[in-house]
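Asker: Go by the hints and put chain W onto chain D.
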Amino acid sequence: MKKYEIEIIVCCSTGCISLGGQEIYDELVRCIKEYNLDTNVKVKPTGCHGFCQTGPRLLINPEGVLYVYLKKSDVKTIVEQHLIGGKIVEKLTYKDPVTKKTVQKRDDINFYKHQVSITTNNCGKINPEDINDYLAVGGYESLKKVLTMEPEQVIQEIKTSRLRGKGGAGFPTGLKWSFLAQETSTPKYLICNGDEGDPGAFMDRTIMESDPQSIVEGMIIGAYATGATSGFVYVRAEKPLAASRIAIAIEQARKHGYLGSNILNSGLNFDIQVRKGAGAFVCGEETALMSSILGNRGSPRPRPPYPAKSGLWGKPTNINNVKTWATIPKIIDMSAENYAKIGTADSSGTAILCLSGNINNAGLIEIPMGTTIRTVVYDIGGGCPNGKKFKAIQIGGPSGGCIPEQYLDVKMIDTQIDFKSITTLGAIMGSGGLIVLDESTCLVDMAHYFIKFTQNESCGKCVPCRIGTRKMLHILDKIIMGQGSYEDLDELESLAYTIKNASLCGLGQTAPNPIISTLKYFRDEYEAHIKGICPALVCKNLITYHISAEMCVGCGICAKNCSVNAITGELKKTFQIDTNLCIKCGLCFSACPKNAIYKKTGGK
Amino acid sequence: MDDQEKPPASTMSGIDKSKLEEIIRDYMEYDGNALTILQSVQEAFGYLPFQVVEHLSEKIGIPLGKMYGIATFYAQFKFHQRGKYIIQICDGTACHVKGSMLLEEFITQELGIHPGETTRDTLFSLEKVACFGCCAIAPVVFINKDVYGNLTPAKLRRILNKYRKM
Chain D
0 MKKYEIEIIV CCSTGCISLG GQEIYDELVR CIKEYNLDTN VKVKPTGCHG FCQTGPRLLI
60 NPEGVLYVYL KKSDVKTIVE QHLIGGKIVE KLTYKDPVTK KTVQKRDDIN FYKHQVSITT
120 NNCGKINPED INDYLAVGGY ESLKKVLTME PEQVIQEIKT SRLRGKGGAG FPTGLKWSFL
180 AQETSTPKYL ICNGDEGDPG AFMDRTIMES DPQSIVEGMI IGAYATGATS GFVYVRAEKP
240 LAASRIAIAI EQARKHGYLG SNILNSGLNF DIQVRKGAGA FVCGEETALM SSILGNRGSP
300 RPRPPYPAKS GLWGKPTNIN NVKTWATIPK IIDMSAENYA KIGTADSSGT AILCLSGNIN
360 NAGLIEIPMG TTIRTVVYDI GGGCPNGKKF KAIQIGGPSG GCIPEQYLDV KMIDTQIDFK
420 SITTLGAIMG SGGLIVLDES TCLVDMAHYF IKFTQNESCG KCVPCRIGTR KMLHILDKII
480 MGQGSYEDLD ELESLAYTIK NASLCGLGQT APNPIISTLK YFRDEYEAHI KGICPALVCK
540 NLITYHISAE MCVGCGICAK NCSVNAITGE LKKTFQIDTN LCIKCGLCFS ACPKNAIYKK
600 TGGK
Chain W
0 MDDQEKPPAS TMSGIDKSKL EEIIRDYMEY DGNALTILQS VQEAFGYLPF QVVEHLSEKI
60 GIPLGKMYGI ATFYAQFKFH QRGKYIIQIC DGTACHVKGS MLLEEFITQE LGIHPGETTR
120 DTLFSLEKVA CFGCCAIAPV VFINKDVYGN LTPAKLRRIL NKYRKM
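For the record, the sequence lines run as chains D and W. So for the first sequence, numbering that gives the first Met the number 0 puts the first residue at 0; every next one is plus one. So for the second sequence, numbering that gives the first Met the number 0 puts the first residue at 0; every next one is plus one.
Chain D with its partners taken away, still in its complex shape (with noise of 0.2 Å):
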């Protein structure tokens, strides 16, 4: 392959698109054909570099200077500038919202300090659309060292790596695998659980969408430990970018011959296809992700049998998240010894983290199992934006449950057995989504939106999911519209275990966590809507919304911006909202450019 003196990387995944990725990268061909710099400089586009929040983006290597925040006409200034004129562009780079400062180089910024690059590594360097681009960064060089060694080894190698499932779980990976590997009964298959549906989580996504051909050399070298012979990738429709790169990805491998009969010429018949789930969150769990890949609806079933017995079409089946699959290929490349010394004695490896929510620094983050939650918030997460206080986190999805503040030198950890900081909390660390809540989230609020999204998501075959996610949905409507009463309180407790201890699936079980951590830290909070009060003035029932005579500037725009004509006065003099005729839809707060209006809770 042709050698280039400098590269430049442009991030084309969901988030940087979205932001105008696509245009950076374009404009860029452009001026480096304009200026005739096409021999010495090649624009690569990648995935995700998981700093999502400053795109779009681009870096310079081999200097590594990042410039964030792009516009397309930036473009042409860093080519004259920069390329052609050897200097940097200090106004582009990224500046530290808490230092101030600005940061040249990518490496020296915070936010990527803190990281270590395993299972992440490969994202944002290669182009996930071209094969070639995995090759020359030693991609196939794990299934290669794989085919030399007899399956027992690969299992052993797994397990002796101590990985366990990144999916939530936590199971370990080698002993699932020594599960099927067992089962004389053919064919055998393999899923790549790729069905993210719980909202706040994107690390599955990125990985489809930057490093797709690890996933599929990860089940490669899975199928040939277990003797599975076809593979299923389950991708969620709301993902199409990454569906679509998983697809690609696995064309390609086949046209390089690491998919189909005889790869590689050892023997080994394995071969991959795409299955779009479609929009239900419950399909995340395995046996109603195996139902819905046979076309039927997503509902669970109690295990066992478990997959690795009767999985799909009634054969041993191994699932694996996307994260473990992508892991697979490094563990087998860096020697499973070296990544059981990563993170701690109770788990190995590192943690793959989604961080966003009122936080300066939002991405996708790959820590060593182990970090306490205070370095993922203010060392990488540069702590929350406009000087607000930090409130809690919320961890693990619908699933979880929120950590509030005494708990940040808490570690993370991914065991789920002896899950011993983060369960203990009453959160589960899940797949990995990570959402900091400042002052202004109301966390009766958040338990009802979780408790909503589940019961919306509930499958509805067995009871104490279907009914009692209502039950609780309904004590917190009344809740948040200071209805409540204490007895609703206790009820809602009383409730909260039932569902735990009595659901079919995981769904159900998991559901009541977020009740019963707010519950637990947040106990007042719930206490003061039953009295009235929104302390953090969100729930539309206990606020009103007011205009300092103080602040107004006589504008207009916040009437201007009212649909139920609430808001009346004369221009250049303080304006008033009628509160009887105010349908608290927020317009005019967001829209008030001198924050002149502001909100009251407690009656008056």
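None of these hints come from the bench; they were simulated from the model. Note that beta-carbon positions come from the ideal geometry of N, C-alpha and C, so glycine has one too. Incorrect hints may appear among the rest.
Stated by the list, open to error - Dumping the calculated DSS-like pairs for lysine-lysine here, alpha-carbon to alpha-carbon at most 30 Å:
1) Lys470/D <-> Lys18/W
2) Lys571/D <-> Lys593/D
3) Lys451/D <-> Lys127/W
Unchecked claim - Heads up, incomplete: computed chain W residues facing chain D, CB under 7 Å, no partners named:
4) Phe72
5) Gln75
6) Ala135
7) Gly148
Said to hold, decoys possible - Here are a few chain D residues that sit away from chain W, every Cβ distance over 10 Å (derived from the structure):
8) Thr101
9) Asn126
10) Lys158
11) Ser184
12) Asp197
13) Asn264
14) Arg274
15) Pro301
16) Gly313
17) Ser484
18) Leu494
19) Gly568
20) Leu586
21) Lys593
Answerer: Chain W in isolation, oriented as in the chain D frame:
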């Protein structure tokens, strides 16, 4: 999105039969399943017209009740003609915390439609989606296949105006 510009079909006569035949042929050839075939129908027609599902059920031998049992289980399937531009508001946790409710209020007031509804001129439909996984740039709205992030009502107004003029 050409498919969605077609007028609503009340009988099989208004339906592109060749497309339907192609879907059935694919099904027979690849031994597909009911879920994939319904996805193909929605891809081709923008929603699941009753006549098409009825026709399919006869052709491929899956009872109509079972077809609808599957279709109504999944959020992806729609049973009514939708607008030319489908606005999907992400209501994931990050978007919720960062103001997706406000965007919904804004669209409801601006266009007069609630989630699940279509404007009278059939230009816009409004839908709410659990999570698109673009949490770092929340709040997010998809319009057909375009993604818009870091939104405020003011930005969204400009975007809607752009679609009105298109």
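Asker: Are any of the numbered hints broken by this structure? If so, which, sorted upward?
Answerer: The structure breaks hints 1, 12, 14, 20; every other hint is satisfied.
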